[in-house]
Amino acid sequence: MGERKARKSRVRRFTNPLTSDLSPKENEMTITTSARAKVNNGVNVDALLGARTALEQAPEAAQFKWRASCEWVNGTHSRSAIGSFFGLGAEQSRNKTFTVEADHPQVFASEDSAPTPVELVLSGLASCLTAGVAAIAQRRGIQLHSVRASLEADMDIQGILGIDDEVRNGFGAIRVHFDIRADASEDDIKALVAQSQRRSAVFDIVTNPTNVFVTAN
Amino acid sequence: MKFATAIIVGAGQSGLAMSWHLSTRSIDHVVLERGEVANSWLKERWDSLRLLTPNWQSRLPGYAYSGDDPDGFMTMPEVVRFLHQYASLSRAPIVTGARVTRVRQQEAGYEVETNLGAWRCRKLVIATGACNLASIPQLAAGLPARVASLTPLQYRNPGLLPDGGVMIVGASASGIQLAREIRAAGRRVVLCVGEHVRLPRTYRGRDIQWWMDVIGAMDVRYDTMEEDIERARRLPSLQLIGTPERVTVDLNSLGKAGVELVGRVVGLADGKAQFSGSLANLCALADLKMNRLLSSIDDWVNASGLAQQFPAPHRFEPTDVGSQTRIGLDLNDAGIGSVIWATGYRPDYSWLDVPVLDRKGRIRHDGGIVPAPGIYVMGLPFMRRRKSSFIDGADDDAADLAAHLGHNLNRAAA
Ligand SMILES: Cc1cc2nc3c(=O)[nH]c(=O)nc-3n(C[C@H](O)[C@H](O)[C@H](O)COP(=O)(O)OP(=O)(O)OC[C@H]3O[C@@H](n4cnc5c(N)ncnc54)[C@H](O)[C@@H]3O)c2cc1C
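So the protein sequences, as listed, match chains X and S.
Just so we're aligned: the first sequence equals residues 3 to 219 in this note's numbering.
Just so we're aligned: the second sequence equals residues 294 to 707 in this note's numbering.
To be clear, the hints were calculated from the coordinates, so they are not data collected in a lab.
The reader is advised that the hints may include incorrect statements.
To be verified - Only part of the chain X face toward chain S is listed, based on derived beta-carbon distances under 7 Å:
1) Lys192
2) Ala193
3) Ala196
4) Gln199
5) Thr209
6) Asn210
7) Pro211
Said to hold, decoys possible - A few chain S residues that don't get close to chain X, going by computed Cβ distances all over 12 Å:
8) Ala357
9) Asn701
10) Ala705
Remember, predicted model here, so these are calculated numbers, not experimental data.
Glycine is no exception: its CB is placed at the ideal position from the N, C-alpha and C atoms.
Use the sequences and the hints to build the structure in full.
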């Protein structure tokens, strides 16, 4: 322990405190890939980094299209199918098609056979941030033990019920709390969570506007 | 056609420092300047601006600030005088009023067209500055015609702004400085905050620039970083201001002064602005980064054994943007009369007819060495060192590049 500390203070001189992505380990020049390899969060960071380098040279291949289709079942109950997508310049098929169901709860006079779509949005945000935490922790050489996100979103349903035009349909605010056990300092954990927001697609989708075009028949 | 072995385009600190280093190597050269020495500081800065780097840090090859206020911050007339003095002391061979309009490759060098005729040279040093143009996001096109749109390159003082509130986009050095002064003039100010680098003016009794200098942060080289250098180069400028009172201006102090803080502008249509909901995270990131810098200062102090010379370590209040941040604004209802795009600056290479720009219009270079024979660039963010775009960074970069240039000349001669 004492030795580790001594080494650390020697290394400190080389840190880049103004680093743009807050990755302490990467900035210490003594860190080696072997130290990083000891950490296993099940994320193949080398593949991700490789993809990054490759796509920097070929921005066309970075153009993806994600798809879902949805079939009405009955009442407010529906079933979405998620299968192929487009990316890396080609159609990408999967071995299986995933299904995701949605419904509304009994307080809305529905059958409650599946979560509501807005809860699926919350779970999408949670999963996206959580995956980000794992990937960034791997990249930074931080071993995770557990990651748990709890989400809560405010909604004034006067909006969707058309009672008050000034009330929006969607969330008024979303609060996310992460409970993370990891071999890292509190600030390093906070930095993981902050960086995962910075790189998250769903976080961007919910915090920034997007053009939506809907057609029929 | 006139000839010089090397032509330096631009007589700011970068061009002057390069001229000094070429002179010490007896390399015949000329500096072509479209305006006069220190033109950018003279013509492209607002009235109240002072340097955010202290006087002692205005160091150039063979020259440094020698006044009696080393910890003060120069006004623009003082910076201009400082550089004019340097130009005359170093006897830099400057041709003023010579605007370079085109540079083309020729067999053994370059042809440099200017409004004062053409030059030929073997080596070309681009020292035209990193901040010729304001970078404005595309969505600016959605601004209603009624609202004036300007950049920090055009802004002079609050009195010259159209009536009404002011929406300032960008909260780096320029944005926070303008927000502070325009708010103090009694205007409504809405500040749109994207990624930013929060720093206190002083820490443990010393200026933050002093700390970054002593711990070596400003000298970090571009080729020793494990981190992606391009990301470090895109880092926004530091949230700092130089004032005689040495005030810290951050989002907390601006908020207290009545500046309304909102997230990044992400939409502008039908007279309404939309702001990103990511403000809280960007503030958290900035706080974490600031604390990381303060920790490395503390570590340096502890390791140096000088802890008793400085006040005890401490941390600043986290940025508080509350939980009620607005995500939309009707510019008309809010009485916004102008928008200032403090969204960064970029160089202008429209005169450079040599294929060295990448797909985003940035010049390709390896620490200032451009991939075209004999072309060098100066003064870009983190070009060779973190300090490359600062006055204090011109000397080391010019020394390195002049050595490279001289070596190549000798090789060609041998
Ligand atoms: C608002 C602001 C505040 C800053 N504050 C500080 C600070 O406090 N401390 C600090 O160290 N740095 C500061 N900087 C950063 C940097 O020091 C300045 O941008 C500085 O002006 C850069 O010097 P330079 O010599 O690289 O370029 P410039 O000073 O821009 O000089 C380039 C010269 O090239 C000339 N030129 C351009 N195009 C042509 C052409 N085609 N033909 C002929 N001549 C041409 C221009 O007229 C100009 O004189 C600040 C920058 C800005 C924008």
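Legend entry - Hints violated by the structure (numbers, ascending): The structure conflicts with no hint, since it agrees with every one listed earlier.
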